[in-house]
Amino acid sequence: MITWLANPLRFLKFAKVVGPVFAVLAAGFIAFGLWQSLFVSPAEMYQGDSVRIMYVHVPSAWIAMMAYSMIAVSGFISYVWRHPLADNLGRACALPGAVFTFLALVTGSLWGSVTWMTYWEWDGRMTSFLILLFIYIGYMSIWAVMEDRKRAARIAGLVAMVGAINLPIIKFSVDWWDDTLHQKATISSPGAPGLGPEFLTPLFLMMAGFTCLFAWMVITTVVTDIAKARKAASVRAKTNAPANVTIEAAP
Amino acid sequence: MIALTLRDLKLAMHSSGAWLHGVLFLLIFALLCAVALGGDKTVLSSIGPALLWLAIIFSLLLSFEKGFGDDARDGTLEQLYLSKLSLPIIAASKLLSQWILIVLPLLLAAPLLGYGFGMGADDIRATLIALLLGTPSLLVYGTFAGVCLISYRSGGLLLILLTVPLMIPTLIFGLSAVDSYAADGIINPPFKALAGISLLSVGLGIPAIAAALKTHLETS
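So the protein sequences, as listed, match chains A and B.
Numbering that gives the first Met the number 0 puts the first sequence at residues 0 to 250.
Numbering that gives the first Met the number 0 puts the second sequence at residues 0 to 219.
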């Protein structure tokens, strides 16, 4: 599947079909999920209505981490096989990833203001998400400052890989440093109290919606990038073409 | 490899003391801290280890840009690449010379600062050991970022942006190592974690720096 898609032309055809599908799915899931999370699901016993922030906060955090893994994997592919489509993919993931990281931080802060009585605490998870935001900004600035596309792709790939190796270390050290306030994985860890189905339904709907939204954003950005590169190439071809000169006999 | 390191050292000797800029910055930082905190030694000594770590991190961040920068500008790097030396060897020798030229003077000046902050002998010793174990990783991160941005002049802020997130674990374990030194001596988890991070970053950093050098040489 991946090797089949590696051809930009085939990818464009694929994107033409899949992009709108993701857009429609995202709209559907998010609309249904919002209705579920705002009207159907009950307020939580202790937190009241503020628990509804979770339906934005958790999916944002999930996309933030998924986007960085995609950047790291496409950085590896681009570095090893020098495939231009992988560069496009990594680059396209960066901005949505950074925005979702920011969204996770902001919604978390708002949620914290109600439940923990503080907008910000130097807790392990919050700190490591702030670091993740800085890593995203660093990755994007490499693309921004380097004019030579080939070099930018290779350096960005390297930086993404180094970041990916370091992220677990950062996460571990920051958790070890201070891990008091933010709750642990509630759904996936064994023995955890878990969430009731009335909370899980809207949460999963929103996660599916956010994932489709992210996929649509990435595909659209890649398609735009390919179109831009083609336009630049065609302009270059025109300006480099030999001029038509007719030599007339002097009168 | 040793010859390359020696060459860097000799060049530094002729640079009319440019290698001392880091130490000078360290002293300036200490002066600013002392003035900002009201010169109160009880306050200074309690946060002394953190101030020392900050001073050294800032001082290093300012000196990373040199790294391979001069070699790249005057064409030495291309010549080395054309010689039989492999890029990882070049990277390793540069790390060694940078450690001697940049980190070692800072480590020698650190006890002086510690004394100035009124820290106890134990605290100074613990901070120094932690710095000794932790600084190799800081050097590797900074040199890597420096090579990535080698062709981009005035990449100072970007270099800091790329380097600082990677430095966080070293800083965290460095400070908790100092905290636990009084109770457990140097055989405690943070010291081991520091040494582990440094070994890991040197081991993985040399190929990464070599790869970034190769990118620079191939695409310029």
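These are computed hints drawn from the structure, not numbers from a lab.
One or more hints might be untrue.
Interface residues of chain A toward chain B, partial, derived using beta-carbon atoms under 7 Å [claimed, not checked]: (1) ILE134; (2) VAL144; (3) GLU146; (4) VAL161; (5) ASN165; (6) LEU194; (7) PRO196; (8) LEU199; (9) THR200.
Output of the computed footprint for chain A on chain B, the stretches with three or more beta carbons under 8 Å from beta carbons of chain A [said to hold, decoys possible]: (10) 78-86; (11) 160-173.
All C-beta atoms, glycine included, are put in the ideal place defined by N, C-alpha and C.
Hint-by-hint comparison with the structure:
1. ILE134: 5 Å, holds
2. VAL144: 6 Å, holds
3. GLU146: 9 Å, violated
4. VAL161: 6 Å, holds
5. ASN165: 5 Å, holds
6. LEU194: Violated: closest Cβ of chain B sits about 31 Å from A:LEU194, beyond 7 Å.
7. PRO196: Given a least distance of 38 Å, the restraint on A:PRO196 is violated.
8. LEU199: Nearest chain B Cβ about 33 Å off; hint violated.
9. THR200: This interface hint is violated because 36 Å lies over the 7 Å limit.
10. 78-86: violated (count 0)
11. 160-173: holds (count 9)
When the structure is compared with the earlier hints, violations turn up for hints 3, 6, 7, 8, 9, 10 and for no others.
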